[in-house]
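Undergrad: Residues per chain, in single letters:
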Amino acid sequence: MTAPLLSATALTRTYAAGEERVVGVRDAALSLERGELAVLAGPSGSGKTTLLNLLGLLDRPDSGRLELLGEDVSTLDDRGRARLRREKLGFVFQSHQLVPVLSAEENVALALWIRGLPDGECRSRARAALAAVGLAGLEGRRPDAMSGGQRQRVAVARAIVGEPSLVLADEPTASLDSETAARLLDLFDALHAEKGIAFLFSSHDPRIVERVPRRVRLVDGRIASDERTGGGAA
Amino acid sequence: MTEFLAFPFFQRALLAGFVVAVVCGALSFFVVLRRLAFVGSGVSHAAFGGVALAALVGAPPGLGALLAALAVAFATAKASGDGDLTEDTAVGVFTVAGMAVGVVAISFLETNVDLFGLMFGNILTVDPRDLLALVAASTLVVLLLVLYFRPLLLASIDEDGAFAAGVNVARMRLLVLVLLALTVVVALKVVGILLVSALLVLPGAVARALFARWPGFLLGSVAAALVMVLGGLLLSVSLDVPSGAAIILTGTLLFLAAVGVGRLRRNA
Chain B
250 MTAPLLSATA
260 LTRTYAAGEE
270 RVVGVRDAAL
280 SLERGELAVL
290 AGPSGSGKTT
300 LLNLLGLLDR
310 PDSGRLELLG
320 EDVSTLDDRG
330 RARLRREKLG
340 FVFQSHQLVP
350 VLSAEENVAL
360 ALWIRGLPDG
370 ECRSRARAAL
380 AAVGLAGLEG
390 RRPDAMSGGQ
400 RQRVAVARAI
410 VGEPSLVLAD
420 EPTASLDSET
430 AARLLDLFDA
440 LHAEKGIAFL
450 FSSHDPRIVE
460 RVPRRVRLVD
470 GRIASDERTG
480 GGAA
Chain E
24 MTEFLAFPFF
34 QRALLAGFVV
44 AVVCGALSFF
54 VVLRRLAFVG
64 SGVSHAAFGG
74 VALAALVGAP
84 PGLGALLAAL
94 AVAFATAKAS
104 GDGDLTEDTA
114 VGVFTVAGMA
124 VGVVAISFLE
134 TNVDLFGLMF
144 GNILTVDPRD
154 LLALVAASTL
164 VVLLLVLYFR
174 PLLLASIDED
184 GAFAAGVNVA
194 RMRLLVLVLL
204 ALTVVVALKV
214 VGILLVSALL
224 VLPGAVARAL
234 FARWPGFLLG
244 SVAAALVMVL
254 GGLLLSVSLD
264 VPSGAAIILT
274 GTLLFLAAVG
284 VGRLRRNA
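Sequences listed follow chains B and E, in order. Residues in the first sequence are numbered consecutively from 250, following my numbering. Residues in the second sequence are numbered consecutively from 24, following my numbering.
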């Protein structure tokens, strides 16, 4: 039997706030299959970003166990976690900033350049990733000459150019108008269908959330429900 | 003016100016992109404490400046990396500490210290030993910049994205500070403590006003630094004014011209 893409058990993360401990995520259990498309839904402060950071190996839990492609990552050191992030994961964050002095192609290729891959390969893969997100012909354009939606597509291209198993996105539609946000979701759907990449992203927008086949809802740091379209609540 | 070219001191000054311009121009690209002007200024002021302490114990001033600048770089990286302080707060704290140490050390000195030279530099007094140290430190800075250019670029703009992509962000933050410290020490003799930060900012600011893409930005920054340093040097000997100030004034004029050209281009 193949191991799930991602399996989290009893993940808990708290933060110090003065003399108190504030719960970011408590006892989160979540399993994600290869090629799945899922959303973490909930209001601000419900723990979506904390959980995404834990699942994306950007933060460590206080307790709990996390497996990525069958490998227990709980015991990995920083270098091992960085390797897994580089090789298996892609990220699209709200805070993602494109390098203003680089073209769209160079911004995407940068993710491969820092791995030490040859320049020609980096550029050809960057062009292919830009074409996959519908930006063919805009390779030479700089970020400040692109719309918000186009810039977010460049960020998606940067996330998928390394051919990750899973792309994590934190509120990727938050700064977009509803039409552009819907198109970005269409793009996730297409990439997930065509390339078999799993997508897990967070959103507090009900119009976005309802379109996703799997919806994991968080309330006060706990997973309150896990629903699948057609399959009902898990 | 060509008669100056026959003098060894002027030949050394030209060579030192060329090397400093290349290093400061290349690093200025990152200083402007990463908004590190204040950090550069802080590290240079801390170097003052190191020079004064070195004078007190009879050590080479360059070594004192280097150790103090590196100490501030490491302390800043540690304090900001641990989340105790933001980078600019950490620099602000260590800067005044470095200056205060310098003032106290100077008060104990029984010999005269060339404070004017320390504060404003004098490229015309570069001796062969200075030149050798300058070339060695500059080579190290350029080598590190070339080796780590891409991760530095990503970490400079998008630290979260760089971390997610597997870049050791803490190491990149430290590397930038160490490069700044080394460059400040390299440029100290040329423009002095008070003006060195301008040499780290002006070339990049000139190039940023003229070039939108990175190759032009980077090469333009180096070119602007060369015009600043060599033009300022010629101005200094022609008008018999302090070289550090002449270099910075040349850079300021260049910056104003670049901003004007940039605006004309945008409005065209």
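Hints are computed from structural coordinates only; laboratory data are not their basis. Ideal Cβ placement from N, Cα and C applies to all residues, glycine included. Check each hint, because a few of them may be wrong.
[As the list claims (entries may be wrong)] Computed footprint of chain B on chain E, listed as stretches where at least three residues anywhere in the stretch have a Cβ under 8 angstroms from a Cβ of chain B:
id, segment
1, 139-153
2, 205-215
[To be verified] Pair ranges (Cβ atoms, derived):
id, chain 1, residue 1, chain 2, residue 2, range
3, B, 367, E, 194, 40 to 48 angstroms
4, E, 104, B, 380, 52 to 60 angstroms
5, B, 455, E, 194, 41 to 49 angstroms
6, B, 393, E, 194, 45 to 53 angstroms
7, E, 120, B, 251, 52 to 60 angstroms
8, E, 58, B, 293, 53 to 61 angstroms
Undergrad: Flag every earlier hint the structure violates by its number, smallest first.
TA: Result: hints 1, 2, 3, 4, 6 and 8 break, sorted rising.
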